[in-house]
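Trainee: Spelled out from the first residue to the last, the chains are:
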Amino acid sequence: MFEGFVKPLFKPVTYAASEFGRVFFMLMEVAYWTFRGPFKFNNLFKQMEFIGVKSLGIVIITGGFTGMVLALQTYYGFRRFSSEGLVGVTVALSVTRELGPVLTALMVTGRAGSAMAAELGSMRVTEQIDALTVMALSPVKYLIVPRVLASLFMVPILTIIADFVGIIGGYFVGVKLLGINEGIFVNKMVRYVDLDDIYNGLAKAAVFGVILGLISCYKGFYTKGGAEGVGKATTEAVVVSSVTILISDYLLTSLLF
Amino acid sequence: MSSEFKVGVLVLMAIVVLFYMSFRVGKYGTLTRSGYEVVVHLPDVAGLDIKSPVELAGVEIGAVHKLSLDEYRAKASLLIKDNVKIPTDSKLVIRSFGILGDKYLAIVPGQAKTFLKPGDEITNVVAVADYDQMFRNVQSAAENFSDVMGQFKGMIGDQEKSNLKESLQNIKVVSGEFKEMVTQNKTNVTRIVSNVAQASDKFGPLADKADAAFTGINSIVRGVEEGKGSLGLLVKDETLYNDARDTVASLKTISAEIEQGKGTLGKLVKDETLYTDAEATMKSIKEMTESMNKGQGTLGKLMKDDTLATEAEKTMKKVQRAADSVQEQVPITVLGTIFGILF
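Chains A and B supply the protein sequences, listed in that same order. The opening position of the first sequence corresponds to residue 1 in my numbering, with each subsequent residue numbered one higher. The opening position of the second sequence corresponds to residue 1 in my numbering, with each subsequent residue numbered one higher.
These aren't lab readings, by the way, just hints derived from the structure by calculation. Some clues are possibly wrong.
Below are the DSSO-like pairs computed for lysine-lysine, each with C-alpha atoms no more than 30 Å apart in a straight line [what the hints assert, rightly or not]:
1) B/Lys51 / B/Lys81
2) B/Lys51 / A/Lys46
3) B/Lys51 / A/Lys176
4) A/Lys54 / B/Lys117
5) B/Lys117 / B/Lys81
Take these sequences, add in the hints, and give me the full structure.
Mentor: Have a look at this one:
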């Protein structure tokens with residue numbers, strides 16, 4: 001009876017719980033191996049280049065157009081109260097506090113997270129990870145720690161760029177295209193945006209970086225079954241990372257700020 | 001190009017951008033705090049926040065640096081730029097940006113030649129009716145109004161309400177009737193008024209006539225008094241009387257003589273033949289008086305013809321009638337005047 005009815009009923013729950021547990025274990029392992037030598041920065045820089053530098057273009061496009069469309073949308077709203085001057089503040093606050101970190105993390109997940117999962121997945125499928133273990137090299141230290149650390153550092157860096165480009169895009173649309181008074185636009189922005197807004201956004205971005213790196217590596221690391229398994233792992237890595245980023249975004253915002 | 005270089009460039013770029021943004025945003029923040037502090041006590045700083053701007057003549061000269069509570073009043077420390085000197089008798093006003101409620105502090109500079117030093121207090125705080133207060137006032141006014149209305153409602157019970165209703169209805173009916181009356185009797189009223197006017201016009205000549213009649217009567221009476229005419233003579237001339245007296249006296253003498261039987265008449269008295277003659281004479285005298293009674297002859301006419309009297313009477317009657325009509329017409333005239341004033 002237990003096997004027949006209750007177990008299938010609880011299967012998703014037990015599956016989710018064991019997944020969460022394995023991810024948490026991996027996080028502990030990453031933390032452990034992060035502070036254990038010998039340190040090989042070469043690997044880390046390679047990952048930073050892959051995650052950070054190569055995502056720059058997509059992040060700039062994302063941030064810029066987000067800021068632009070935000071300026072356009074809020075302009076139509078604020079115009080009804082003839083307070084177009086608040087467009088700048090709205091764009092700056094939205095971008096620095098929320099959209100910059102989240103969209104950057106999502107874009108990095110889509111571009112780098114999927115790549116990480118696919119890479120680790122094919123290494124698992126082709127038994128390269130097993131080979132590392134055989135060679136007494138910790139696959140976590142050698143493969144996962146550089147990726148997680150690289151995304152931990154690079155997502156905030158990219159977020160700064162996205163924030164800046166987003167505000168520039170909002171400024172371009174608001175002042176140059178919609179003709180909002182430049183002084184009011186900039187001064188209100190400067191007056192109402194705090195340093196805390198920017199730094200809190202960056203803190204969130206760092207958390208998002210860890211989440212996307214960890215989940216993508218986990219999904220790739222525990223890939224099962226051939227080329228199909230790799231594809232599945234890649235998809236799951238992106239979906240689970242994105243959903244977790246959005247959920248933790250709400251939790252972080254409500255708890256921290 | 002090595003990946004270290006690329007990563008380094010990206011990180012450097014990000015740090016530069018972050019510094020730029022931090023510098024722009026944190027103008028009066030912890031990074032670049034400069035200026036001197038001025039203290040001010042305010043009754044209410046709702047809507048005011050740390051970093052709310054302080055403006056002088058619309059130019060930003062500093063910001064609210066600290067907000068704290070000091071004996072149930074808000075104490076605000078303002079960080080003012082070093083190059084701005086504020087006269088000691090300056091006023092401080094809390095103002096809002098638009099209707100959305102963001103507040104800022106405005107300093108209205110005074111005339112004093114001394115300036116505020118760091119740590120000094122601006123004591124002259126002007127209470128300005130901001131939107132909050134305005135809305136509160138409006139609300140309290142509305143509440144008062146509703147109170148008054150409630151009291152009024154309580155004061156007026158059903159009885160009073162119906163009474164009031166009735167009164168209003170009565171007024172309506174009366175005014176309606178009055179209006180109706182006026183419209184219906186418009187011609188009448190006009191006629192009355194014109195009649196009054198006509199009557200007063202006619203009264204003029206009538207009075208003249210009466211006057212003339214009186215004058216006539218008067219002259220007749222005077223004529224009679226003066227002994228003019230037959231009646232006057234009758235009344236005034238003593239000759240006839242004297243003659244009559246003489247006649248009576250002589251008749252007396254004669255009758256005495258007659259009694260004595262002296263003379264002809266005596267003889268006549270004593271003589272019966274004369275008596276019969278005298279009787280016949282008396283008879284004719286009687287006839288004469290009768291004819292006088294019937295109005296024959298001048299004297300008779302005077303005594304008997306009443307034309308003069310009826311004429312006089314007629315005139316008097318006319319005068320009286322005229323006076324009566326005048327009396328009747330006086331109230332109408334008054335009515336006419338009232339209507340004239342009212343309409």
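Trainee: Check the structure against each numbered hint from earlier and tell me which ones fail, lowest number first.
Mentor: The structure breaks hints 2 and 4; every other hint is satisfied.
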